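Visitor: Sequence:
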Amino acid sequence: MRPMTLRLTAFGSYAGSESVDFTRLAVHGLFVVSGPTGSGKTTLFDAMAYALYGSLPGDRPDDVRSHHAAAGVRTEVELVFEAEGHRYRVTRTPRHDRPKKTGQGNISVAATAELYEVSVAGDIGLASGVRDVGLLCTELVGLSVEQFQRVVLLPQGKCAQFLLCRTDERQSLLQQLFGSQLYARATRAAMDHAGDLGRALNERDAEAERHRLNAFDSLVAVAGGVLADAEGAARDALAELDPTLDLDAIDALITAAEVPLGRQHIELGELAERARVAAAAYANAAATARLFDERERGLATLEWLETQRASIDSARRRAGAARRAGPVLITQRRVDDLHREQAIDEASVRVARDKVVAALRDLGIEQEPQGAVAAAVLVDRCEARVTAAEQQLAALAVADAHAVHLNRTSVESTEAVESLDQALSAVGIELMGCTEQLVGHQVTAATAEGCRRDAASSAQLVQRQADQQRDEAALVEARADAGAARLERARVTAAFVADAAPRLAAQLAPGEPCPVCGSPEHPAPAVSHGAEHIDREVFDAAIEASRQADLIEERLAVRLAEHRRELGEWADVAPETLLQQHGTDVARLHQAEAAEAAVTQLRARMEQLQTQTDGLIAQRQPLIRAAADASAAAVLAEQQLAEMRLGLGGLDAVVLAAQRSLLGGAASGVRRWTDLEESCSARDGAIALAVSQRDAALIDSGYPDAAAATADALPDDDIARFDVSVGAWDRDHAEVTTQLEALVSADLPPVRPQTDELCRVADGLEADQRALSNRVAELDLRLADARVSLKLSRAVFNDSEALRLARRTADRVATMCAGKNQLNVALETWVLAGELERVTAAANVHLARMTRGRYALERSDGADDRRRRGGLDLMVLDADTGRPRSPGTLSGGEQFQASLALALGLADVVSQGGSGSGRVFEALFVDEGFGSLDPQALDEAIDALHELHATGRMVGVITHVEAMKQQLPIGIEVIARDDGAGSNLLQP
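Sequential numbering from 1 applies to the sequence shown in full-length UniProt numbering.
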C-alpha cells in the first residue's frame, strides 16, 4: 500500500482545504514532517486512517471537524492510494450539522463514504456507504485500523507501550495485530465438537441398550408361551431369565425357544386337519339338506299352481275374444261419428242461409237467393254501392282533417312561442344557480395542489414503512444465515486447527531445529488421528462465507436505520395509523379533485346555457310569424269544409259504417254457406268408405254383426291384466317343473339329514384352531421382534465404533488446544509466542544497528524449558554483561531505540505475511520521541531509518527536533496561523 495524495477540508486543526502530494515526497524517500507542538502534524496521518476506516486510531473520539472552520464549510477527507498495482480514491464526510436552507436552526446530515478505482477510462465506483467502504478498504489495504496504526503509522508512545507493558496487555495487542482470536474460537469449537460427539455417542449407546431390552422383553413373552413344551436345560434357562443378559446369551435363548415353538406349530397343523374334515362333513350334509328342502318347496308350489289353472284358461280365452272384437268396434265408431257430423253440417247450412237473407233485406234487397252462388251475386252488388258512398265520405274526412291540422298548427305555433319564453326563463335561472355553485367549488379546488403533495408524501411514507417491514424480515433471515455461517466456520476452524500440529510435524527434519520451539530433538512429533483434513482454501472459504453473511446482516441493519431516519416521527407508528393518515390525505385529495372537476363542468355548462339562450332568442321571431300564417289558413279551410257537407246531404259515417258491417256479415255468411255445402258433399263419400271398412272387419273377426263384437269387447287395461296373469302363471309352472325334474335326477335320500351336531363339532374344532393359531402367531411375532431388536442392537453398537474413534480424536484435539499437552501451552498462546519471536527477530536487526550490537530482544516465558513457548514476556539481552535484563532498566534513549526497533520489526512481520495480511506496505510514518536521544543515539536512529528506506519504503518522521530537520529533508511543514485559527500546510 502506498499513499499518493491526501486532501482534507475543515479537518482537525485545519480550517480550510489542505493537500499533500506523497508522490513528490517519494523523491526524498526519507523526510521530516515538521511543525510546532500541537500544530497538527499527527492530524495529517489521522486523516489518512479516517479516510480508509471512518475512525481514528486508538480510543479517540471521532469528532474530526475543525473548530475553526466556517459554518458553511463541509468537512471532507480524500485519499488516493495504490494497492496491489491498482489506484483507488476514497472520500469521506463525517456526520455534521448544517444550517437549514429555509427557516431557522440546523439539520443533521449523515456521514458519507465513497470508494472508486482510478483508471485511464475514468473512475469506477466500487462501494458507497460508511460500512461498505470501510470493509472494502480493509480488504484492499490488508490491515485493520489497529494494524494500520502499527504498520503504517507509528504514533507517539505506542512503541514504548508495546515494549514495557504487562504480558496480558501485550497478548491483547498481539491478538489485535495477528487476529489470534481465531485460534481461541477454534479451541472453543474443538471443545464444543468433542462435547457434541460425546452426546451423540451416549445417544447411540442408549439406542443399542433400548434394542437389547426390547429383545429381552420379547424373549420373556416367548418363554412364557413355550415353557410348557420345553425340555431339559432349555426349560431351566427359559424359566429363569436375567435382565442383564448380554446379546450372545439372548441370542442363544432365542434359538432354544425355537424347539418348543416348533412343537406347537406341529400341534396346530394336526388340529387344522381335524377341523377341515369336520367342516367338510358338515358342508356335505348341509348341501343335501338344502336340496331336500328345495324339492319339498317345489312340489308344494306345483300343487298350488294347478289349483289356478281353470281361472288362467278363462282369462286366456277372454283376452283372445277381446282382441278379435277390437277392429270391428273401431270401424263402427268411425261410421257413427261421420253420420253425426253430417247432421250437424246440414243444420249449419240452414242457419247460414237465414243470416244471409236477413242481411240482404236490411241492405234494401228483398229478393231471396236460391243458393250460395246467387247470394254471392247480390252481395257484390251491395259492395259496389257502399264503396262509392265511402269514397265521398273519405274526401270529406280529408278536408276536415286538413282544417283540423291548420287549427292545430296555429295553436302549436302559439304554444311554441310560450314554450320558448318559459325555456328562456328556465335557462336564466339555471345560469344563476351554476354561478353560485362555481363560487363554492372554486374555494375547495384551490386546495388541490397542497392535497396532492400531502397524499404523495404519505404514500412515500407508507412505501418506506413497507420497505422497512420487508427488510426487518430479511434481517431475521440474514441473522439466521450468519449464525449458520459462523457455526460452519467454527467447525472448519476446529478441523483446520486439529490438523495443524501434524502438518508442522511432517516438515521436521532430524537434527534440524524445530521452527516452533527451536529444539533439534523431536521426541514425540504429532501425528494425524483420522481427523477431517481441511486445506487452506476451504478454511479461507468458510471465513469468507461468514464474513459475507455478517456483511449482508450489517447492510440490512444500515438500511433499516436509513428507513427509520427517513420515516422520522412515523418510524414507530403502527402501519394501520399511517395507512389511515394516507387514506385521509387521499380522501381530501379526491374531494379537491372533485371540486376541480365540478368547476370545469360548471364552466362548460354555463357556456352551454349561454349558447342555448342565444339560440332560443333566434328561434322566437320565426315562430311568431308562423303562428299568424297558420291562423289565416285555418279560417279558409273551414269555409271549404262547409261547402262539402252541403254536397253530401244527410249521408254520414255512422250510417255508412252500419251498411259496411251488414255487408261484411252477408259476405261472411255466403262464404260459410259455400263451405258447408262443399263439406256435406265430401262427407257422403267418407261415410260410404267407413261402412265398407266395418263390413270387412266383421268378416275377419267371425262376428255376425257389430252388436255381437261389442258384447265380447274389453278395455285395454283389462286385456293387459289378463296377459300379465297368464304369462306369470306360465313362467312359474315351467320353472317349477324344470327344478323338480333336476331334483329327481339328484337321487336324494328319503329322509332329510340332521346337521346340528355336525355343525357344533365343526365350530368347536375351528374355535380351538383359531385360538391356537393366534397364540402361535403371537409367539412367532414376539420371537421375530426379539431377533430384529437383537440385530438392531448389534448394528447400532458396531456402527458407533467410528463415532467412538472420532470422539477420542476430538477429545485429544480439544485438550491439546486448551493447553493440556506436553508443552502445557494453549493453542492461541502458542501461535502468539511464535509471532512474537518473529517480531523480536526482525526487531533485533534494527536494534543491532542502533546499539552497535550491544542489545538484542528475546521472548521469555518466565518458566522452565518444558513451558518455554508459553510466555509472552520480553527481555533485553545485554552483550556487555551477557545477561538478560528487563526493558524497564534501560535508559530513556535506550528505551527509545528498543521501542523503535520493536515497532519496525512489528511492521516488518505484519507487512510480510505470517498471521498478518501478507501485503507489502511501501510507506511508514514514525511519530516517536526523538528528542530523548543523545546526538550519537539520534544519528544511529537516523541511520536505521535510512536503512529502512533502502528496503524500498517511503519513511516520514514526525518531529520538531532541529537536529533531525538538519540531517533530513523537510517534506511537509505545518505552520500555525498567526490568528490562532488552526494551521496551514507547506510542502516545499
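Bear in mind the hints are in silico, worked out from the structure with no lab data behind them.
Keep in mind the model is a prediction, meaning the values are calculated, not measured.
Don't take each hint at face value.
Ranges of calculated distance between the beta carbons of each label pair, as one might list FRET restraints [stated by the list, open to error]: (1) 24 - 466: 51 to 57 angstroms; (2) 749 - 773: 33 to 39 angstroms; (3) 232 - 202: 24 to 30 angstroms.
Glycine residues also receive a C-beta, built at the ideal position from the N, C-alpha and C atoms.
Visitor: The structure should be examined with respect to each hint, and the outcome stated for every one.
Guide: Each hint, compared with the structure:
1. Taking 51 to 57 angstroms as the suggested C-beta distance range, the pair residue 24 and residue 466 conforms, at roughly 54 angstroms.
2. For residue 749 and residue 773, the hinted distance range of 33 to 39 angstroms is satisfied, since their beta carbons lie about 36 angstroms from each other.
3. Between residue 232 and residue 202 the C-beta distance comes to about 41 angstroms, which lies outside the given range of 24 to 30 angstroms.
Checked against the numbered hints above, the structure breaks only hint 3 and satisfies the rest.
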